[in-house]
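Chain order of the listed sequences is A and B.
Our numbering numbers the first residue of the first sequence as 1 and each following residue consecutively.
Our numbering numbers the first residue of the second sequence as 1 and each following residue consecutively.
A portion of the hints provided could be inaccurate.
Just so you know, same-sequence chains aren't split out, so a pair can sit in one copy or run between any two.
Claimed, not checked - Below, a list of computed lysine-lysine pairs in the DSS-like style, where the Cα atoms sit at most 27 Å apart:
1. K268 / K67
2. K385 / K428
3. K536 / K460
4. K531 / K518
5. K544 / K460
6. K268 / K227
7. K268 / K335
Keep in mind that the hints were calculated from the coordinates and are not lab data.
Note that this is a predicted model, so its numbers are computed, not measured.
Number of protein chains: 2
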Amino acid sequence: MSDRNRLIYLPIGGAGEIGMNCYVYGYGPEGAERLIVVDTGVAFPDMDGQPGVDLILPDVEWLEDRKDRIDAIFITHAHEDHVGAIGHLWSRLQAPVYCRRFTAIHAMRKMGEAGHNIEQVNVVEAYPAVVEAGPFRVQFAPVAHSIPEASALLIDTDAGRVVHSGDFKIDRDPIVGEAFDEGLWTEIAADGVLAYICDSTNVFSRHPGRSESELPDQITDLVRNAKGMVVATTFASNIARLQTLADAGIAAGRSICLMGRAMQRMVKAGTEAGILTNFPTTVSSEDALDIPRESLMLIVTGSQGERRAASASLSRGKYLGHELKEGDLFLFSSKTIPGNEVSVGHIQNAMAEIGVEIIDENSGFYHVSGHANRPDLEMMHDILKPQILIPCHGEFRHLREHARLAMSKGMASFVAANGMMVELSGNKPGVVEHIEVSRTYLDGEAYVGQFDGVIRERMKMALNGMVIVAVIVDESDEVIEDAWVSLKGLPEVGSSGAPLQELIEDQLSRMLPRLDAKVLDNDDKLEEAVKRVARKICVREIGKKPEVTLLVSRLMAE
Amino acid sequence: MSDRNRLIYLPIGGAGEIGMNCYVYGYGPEGAERLIVVDTGVAFPDMDGQPGVDLILPDVEWLEDRKDRIDAIFITHAHEDHVGAIGHLWSRLQAPVYCRRFTAIHAMRKMGEAGHNIEQVNVVEAYPAVVEAGPFRVQFAPVAHSIPEASALLIDTDAGRVVHSGDFKIDRDPIVGEAFDEGLWTEIAADGVLAYICDSTNVFSRHPGRSESELPDQITDLVRNAKGMVVATTFASNIARLQTLADAGIAAGRSICLMGRAMQRMVKAGTEAGILTNFPTTVSSEDALDIPRESLMLIVTGSQGERRAASASLSRGKYLGHELKEGDLFLFSSKTIPGNEVSVGHIQNAMAEIGVEIIDENSGFYHVSGHANRPDLEMMHDILKPQILIPCHGEFRHLREHARLAMSKGMASFVAANGMMVELSGNKPGVVEHIEVSRTYLDGEAYVGQFDGVIRERMKMALNGMVIVAVIVDESDEVIEDAWVSLKGLPEVGSSGAPLQELIEDQLSRMLPRLDAKVLDNDDKLEEAVKRVARKICVREIGKKPEVTLLVSRLMAE
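Bound conformation, chain A alone:
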């Protein structure tokens, strides 16, 4: 260990994936750096990869082992993939949390729900206010994004200034919240930027990003021309969009009704934080029942096809007494996140079956992205002129492309995926260490490691079905009675036409009494023998090798 102080950057989540953002910065002598954490986000599971899992959290084992060195946790904004894990992880990190007011409302609720002291969450004013955390001086620089009070972090140490972009876009008129301010960023860059750790989500989008302010006229026209009920969905946290949608409804002479818990919670938070100052008066879903459908606009949750959200419920039938009808208009003022196409397709089809007109992102007019497109990224590169650009928040292909872009413009750049510790200080910035990081699954109320085998076992049962066998062995290692078999997730009858369960039971009952005592005595060997028989019959009968579980009841001498 040298006495020289070094500045390190270690992504734990979000670098090599979209979602679950969690980044670490450290400053100090090697191995004794003081640490800060930027964001504690979640990712969302799917049947394909994590059946039954409720949430995916970053694996903070490395941080937990060093928790006495953590000076602070900073949250850039209130999206779930940045703040969602704070309640789940805080007890393992135990450092004060800093964020701006709107973000704090959400962080505090999550801390409270998890039983932590909400006073650990500190509300911070935006730039030029400074948070001192160990050797770090950190400022929240406002950026435009699809949620209020999103911020980049200016992270200063004696090694120089690092700008951590957070999620951002360039928007000079974002309707709600802070507009892009080139002067501010020029000022931030004035004394030089050592490294820019930058959002990469939209690096493949080659046209300049569009402003939120392009939407109101188009959406108002759409609503004005609608004949039946109008329903619009977007991310509840996209408060600017909620404002735009509600304003459009009012302009078209309709009453506005918000549906879905998240929708109401966000409007409340926006109002509390003083961000939503002229949101139209809304009507309750009960009162909305008395309003003629051609005078009503619902703004609802569920833009990603979530099964339990308002959009899905409406597509299946009634929701809070409201029902879609032929001639209604349903607007997806949102982007379908990759992986959600099928769920969104399901509800769109159900709506089409009713005869509802559906407008979605394919129309190109009623949604703008919250992330910086390639030309916007380049504009930020040009303003900040960092010595080093490290892409974050993206899948590997996004990181790679962003690094390539930065290098082509003369910056030092490379891909640092989750677990790759980078030294930013010194003569030759680069990866200095690889940390094992996986993911933690919240499963019900239990935390399960990605590689614990629990989820792999579930997937095997789902793919292969299961044969369960019970065998009774007495005190002298003799099998007493026949084997009992139960099938789960397997057809009852195979090619021979005989019940599969009976075929396996019969064959086991013939095989078991002939087994050697050394096999019968040993659970593993016995299971192996039973598995062989069960699988052989299944392959012959149904062309499939199921999972096999054996329960041996060993009777004891009284």
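Please build the complex by placing chain B on the supplied structure of chain A, with the hints as guidance.
For chain B alone, coordinates are given in the frame of chain A:
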């Protein structure tokens, strides 16, 4: 039953979904119509909906019950979602199969693999050749699509002419195969068209479709400018694209190597059918190992991210001795089918990790769709001028939109989804009957019904995990020994820190001896009691309600 002959149309698959096309036409007195089947396609399962399933087949129970009335099966083209089920379903339909030469090569292979007589497959010449099948006279009218010898069917009865579009696009220069011929279609429409049953896949694409002939120059430029190895993937059946890709490679001075079984099979079939007449000479994958990578182009399977195909294998490491390196170019000359975004994303990320440059559909230059866009659909409407237009091959939203479009142009039109029997003849065409149709799953070698409960059981195990309990009850209905418990897909330890398995075993061992004989005597009641205990502990310990399976071994008096 009336003596009047009627003409009916009954979609069994493909109407309300993309894939698994299977349509029935009938002509004759009500309830005694002679029948023909158009296409017997498959759909592909996913973990989300059909874990472990190998293929999804149409449910042909209705047809099987009437198989003595089936005069013929017609296959429009050789895509799996049109021909894929023929081997699996033929024995239940048992009617002669008619298709064109290229399609027949595939249909015969499938029939042979399933052990059926391949002579049931009859090769038919294109229009104006006629197949007589009961009261039907059927002609194969060539259309452009992304596979050779795709055809629409002209289905004539005394009730008039029905045109079944098959999958098609308007392409006046498709590179390989038959160009769109307006004169031919004018001739076909000359005596009037009663009904047009029409592909709806691209009804939401508002720009006119692009021709395959727009691609060669662009792809050649791309390959010519590449520095390292070039790998291109597309659907193997898109023979025109294979020709375009191979020609581009040759023009850029590269040797061509085909990889993946389907790729080689398709080129062979194209050559046998006399369609590929000037495909460049290729090198074997072994010989390709001796060729410098900058002089090599691989054309490989796996454009949809299929785990076992060549693209995925290359992304994971070596495949047949070949390895992707930094600076190579990988071209997806294909569209990612909705639902496959995540798998394609996986392999693109793995390639990005290696440093491979990836070009995909987002570039907009290297792929054109095989389906007619909205203006092309309208062109066909205008040429054929059908009295009735019934949309097929599409999800509900596509069918709905296509029907709306047709009505706006003055045609009679409505949505007929799977199971809705339509009468086309008579004064007022419309739905006359609803047939229960589901889907059949090929699971290993067993056929499982969509609603048999087998797959639902698998999904429940995957979502909830499973507790397996073995209990021994003796001849006098007394529980002997303690209960034995095994956990599958569940964490070993919950909130109390004690092993979950032991907690359940202990609680059961306390509860079981206290049970009433009436409960112990009855498997269902006993299972209910055991389930209650196991679930209660799991909810408390891990916040989850698992599946519970009980095996009761009932000892008999000797």
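So, going through the hints one by one against the coordinates:
no.: 1; hint: K268 / K67; verdict: neither (35 Å within a copy, 63 Å between copies)
no.: 2; hint: K385 / K428; verdict: within (18 Å within a copy, 72 Å between copies)
no.: 3; hint: K536 / K460; verdict: both (18 Å within a copy, 25 Å between copies)
no.: 4; hint: K531 / K518; verdict: within (17 Å within a copy, 34 Å between copies)
no.: 5; hint: K544 / K460; verdict: both (12 Å within a copy, 19 Å between copies)
no.: 6; hint: K268 / K227; verdict: neither (30 Å within a copy, 56 Å between copies)
no.: 7; hint: K268 / K335; verdict: within (24 Å within a copy, 42 Å between copies)
The earlier numbered hints that this structure contradicts are 1 and 6.
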